[in-house]
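K.L.:
Protein sequence lines, in the order shown, are assigned to chains A and B.
Going by numbering that gives the first Met the number 0, the first residue of the first sequence is number 0, and it counts up by one from there.
Going by numbering that gives the first Met the number 0, the first residue of the second sequence is number 0, and it counts up by one from there.
Some hints could be false.
Said to hold, decoys possible - The calculated label-pair distances, taken between Cβ atoms and stated as ranges, are:
| no. | chain 1 | residue 1 | chain 2 | residue 2 | range |
| --- | --- | --- | --- | --- | --- |
| 1 | B | 86 | A | 198 | 51 to 61 Å |
| 2 | A | 222 | B | 135 | 50 to 60 Å |
| 3 | A | 181 | B | 56 | 31 to 41 Å |
| 4 | A | 474 | B | 17 | 42 to 52 Å |
| 5 | B | 5 | A | 470 | 18 to 28 Å |
| 6 | B | 124 | A | 288 | 34 to 44 Å |
| 7 | A | 238 | B | 5 | 13 to 23 Å |
| 8 | A | 278 | B | 124 | 50 to 60 Å |
| 9 | A | 140 | B | 152 | 56 to 66 Å |
| 10 | B | 152 | A | 235 | 19 to 29 Å |
| 11 | B | 87 | A | 8 | 26 to 36 Å |
| 12 | A | 283 | B | 17 | 31 to 41 Å |
| 13 | A | 8 | B | 144 | 55 to 65 Å |
| 14 | A | 194 | B | 132 | 36 to 46 Å |
Calculated from the structure, these hints are not laboratory results.
Cβ coordinates follow ideal geometry from the N, Cα and C atoms, glycine included.
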Amino acid sequence: MLKTLIEAFALISTWEVIIAMFAASVYGLVIGSLPGLSATMATALLVPVTFYLSPIAAIATIVAASSMAIFSGDIPGALLRIPGTPASAAYADEAYAMTRKGQAELALGAGVWFSAVGGIAGVLSLMILAPPLAEIALSFSTFEYFWLALLGLMCATLVARSSPVKAIAGMFLGLLVSCIGIENPGGVPRFTFGITDLFGGIEPIPALVGVFAVAQVMRAMLTPEPPPLPRRKFGSIMAGQWKLTKKYHWQMTRGNIIGIIIGVLPGAGADMAAWVSYAMSKRFSREPEKFGTGHVEGLVEAGASNNASIASGWVPSLLFGIPGDTIAAIAIGVLYMKGLNPGPTLFTEKASSMYAIYLMFIIANILMIPLGIAMIRIAAYILLAPRSAIMPIIMLCCAVGSFAIGNNMFGVVTVAAFGVIGYVMEANGYPVAAMVLGIVMGTMVEQAFVTSLIKSDGSILPFFERPVAAILAAMAIGALLWPVMVWVWRKVKPVQTAAATPG
Amino acid sequence: MRLPDSVTGSFLVVLGAASAYGGWILPPVPGQPVGPNVFPLVIGIGLALCGLAIVFGIGHSFEEEEELIPLEDGQAAAPLPQGKLYGLRALLPPALLLFYVAAADRLGFIITAAIMVYVTSTALGAKWKLALPLAALSPFAIHLIFGKLLRVPLPAGLLPTPW
Numbered sequence: 000m001l002k003t004l005i006e007a008f009a010l011i012s013t014w015e016v017i018i019a020m021f022a023a024s025v026y027g028l029v030i031g032s033l034p035g036l037s038a039t040m041a042t043a044l045l046v047p048v049t050f051y052l053s054p055i056a057a058i059a060t061i062v063a064a065s066s067m068a069i070f071s072g073d074i075p076g077a078l079l080r081i082p083g084t085p086a087s088a089a090y091a092d093e094a095y096a097m098t099r100k101g102q103a104e105l106a107l108g109a110g111v112w113f114s115a116v117g118g119i120a121g122v123l124s125l126m127i128l129a130p131p132l133a134e135i136a137l138s139f140s141t142f143e144y145f146w147l148a149l150l151g152l153m154c155a156t157l158v159a160r161s162s163p164v165k166a167i168a169g170m171f172l173g174l175l176v177s178c179i180g181i182e183n184p185g186g187v188p189r190f191t192f193g194i195t196d197l198f199g200g201i202e203p204i205p206a207l208v209g210v211f212a213v214a215q216v217m218r219a220m221l222t223p224e225p226p227p228l229p230r231r232k233f234g235s236i237m238a239g240q241w242k243l244t245k246k247y248h249w250q251m252t253r254g255n256i257i258g259i260i261i262g263v264l265p266g267a268g269a270d271m272a273a274w275v276s277y278a279m280s281k282r283f284s285r286e287p288e289k290f291g292t293g294h295v296e297g298l299v300e301a302g303a304s305n306n307a308s309i310a311s312g313w314v315p316s317l318l319f320g321i322p323g324d325t326i327a328a329i330a331i332g333v334l335y336m337k338g339l340n341p342g343p344t345l346f347t348e349k350a351s352s353m354y355a356i357y358l359m360f361i362i363a364n365i366l367m368i369p370l371g372i373a374m375i376r377i378a379a380y381i382l383l384a385p386r387s388a389i390m391p392i393i394m395l396c397c398a399v400g401s402f403a404i405g406n407n408m409f410g411v412v413t414v415a416a417f418g419v420i421g422y423v424m425e426a427n428g429y430p431v432a433a434m435v436l437g438i439v440m441g442t443m444v445e446q447a448f449v450t451s452l453i454k455s456d457g458s459i460l461p462f463f464e465r466p467v468a469a470i471l472a473a474m475a476i477g478a479l480l481w482p483v484m485v486w487v488w489r490k491v492k493p494v495q496t497a498a499a500t501p502g
Numbered sequence: 000m001r002l003p004d005s006v007t008g009s010f011l012v013v014l015g016a017a018s019a020y021g022g023w024i025l026p027p028v029p030g031q032p033v034g035p036n037v038f039p040l041v042i043g044i045g046l047a048l049c050g051l052a053i054v055f056g057i058g059h060s061f062e063e064e065e066e067l068i069p070l071e072d073g074q075a076a077a078p079l080p081q082g083k084l085y086g087l088r089a090l091l092p093p094a095l096l097l098f099y100v101a102a103a104d105r106l107g108f109i110i111t112a113a114i115m116v117y118v119t120s121t122a123l124g125a126k127w128k129l130a131l132p133l134a135a136l137s138p139f140a141i142h143l144i145f146g147k148l149l150r151v152p153l154p155a156g157l158l159p160t161p162w
């Protein structure tokens, strides 16, 4: 244990890792603070750079950039009422109301302090949850993996803030995309239409860049530019945070726990954690009437929650290759490329790398406090950069980055195509995250499904025979039937619903 | 690009049917009951069923209206120019990426990238005072990072970079 820990320290105390981490932190802070550029997009654009780094440095950049971006989304939310990332949207109104009351320092300080605390709580959950789960997972057969993957896919549709039918459709679309290519049980070209470039299948990374980055530039073409930030002088940012921690320690803990749970659920990430925690905070608050008028309580809980979900999203990713959120989906791609294939054996064979990941998360969250304070102070200057100067650079990074993944132009075509797909899906209420999950997990789902079918020789019984498989099956089927039951319940009791919603 | 649910749903039905059919006609693995054909078949059927459900409006009641943050009295939104062709502007970014694919090998990275930057910047409302220097400088910066530091073989084309 101690030996692995020392090894892990040795792994991360190289100049490459330190510089990569610092640079990625600054990058994450800047991208996160710009409205319209999300943490997922920041991470996706970082992937081509990680090719050229050592495995630990590559993971360091992703850990640092995603943690920082989730926090710095709070900055324009508080100062402009425009959340920098979707994860800050839940409480942007509240934070802006505080700014108008002259408490901008308190709002932003709470953002940075409780984000860091939440992040560290998330890492602790990763450290505590992952190893025992890995023990259990070592005895999993393809049946368990099949149900687990199905459960993961279903979770993504359950928590989508949209119609579950559309979420399931999005998930199927992603699975369909993963069918393309010759990497299937028979090794035959499938859905390639004779195009050689499609033989290798659609790489998840260009698809992600297209869906998150190009689609965002497309949306920017049709939306007005956000107003510039008024310059202001800030007082002490950390003053009063310790008092808040003591006063709202229960809210903070609850936010951490909710964030961890939502992070572990596949497909649901920081934005969902923030919405749920903000709602919970209001629901259980002793002074709910103060919410919306610039009350710090909800900020504490939601800020603690969204950063906690970032680290805990890595739990299913590292154990099973099932991404806990869209950022973890990108991380999985990088892990595979770096020879750290997700799976329970990672915790025994590459234990020092795992400890290195934990340590990097902790360092990133501690680093967040000084860098975050500096970022708040210079945010007014960074937000002066007009969108018409940032979006063209994003476009160039999309083109070059997707080319760099395989050094061929087909990657750029993929990015363009998925930009259009992502844009159309989003505009019509199909959750993009569900499709991303389908693309990332498709190969694994198919492998577990087909291998299980071959093993069971056409019988359905072995799918339920092993105890863990049976439990997972019950949960997956329950998740599948849940929207149906709610729908039937609403149909059966239309009178009450009509009475409950006036107008 | 907000299409009625009946249109997107029908499209999914067609896509699902096509995928199920495409899976059906794939050659099976000799001596194996299941092969590469099963998974597309299952997905296709699922997709078609979802499409049908969407056409008939099942699950529509779950959809939350997009949360628009109401503007305050002081900050009135600039009126958006609404023309028939205005919506097509959204297609500009993917079109530029395809332009990059088509032209980069011939024109080289620097020139193609400069055109992309200039067009995107202007389309987002930049004056030439911003767009021109941006288009002149940013390709070199990106080339320095990706071409020089990360060794991505970017096409030189007509205008080789000085390094």
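K.L.:
Please flag the earlier hints that this structure goes against, numbers listed from lowest up.
P.N.:
The structure breaks hints 1, 2, 4, 5, 7, 8, 9, 10, 11, 12, 13; every other hint is satisfied.
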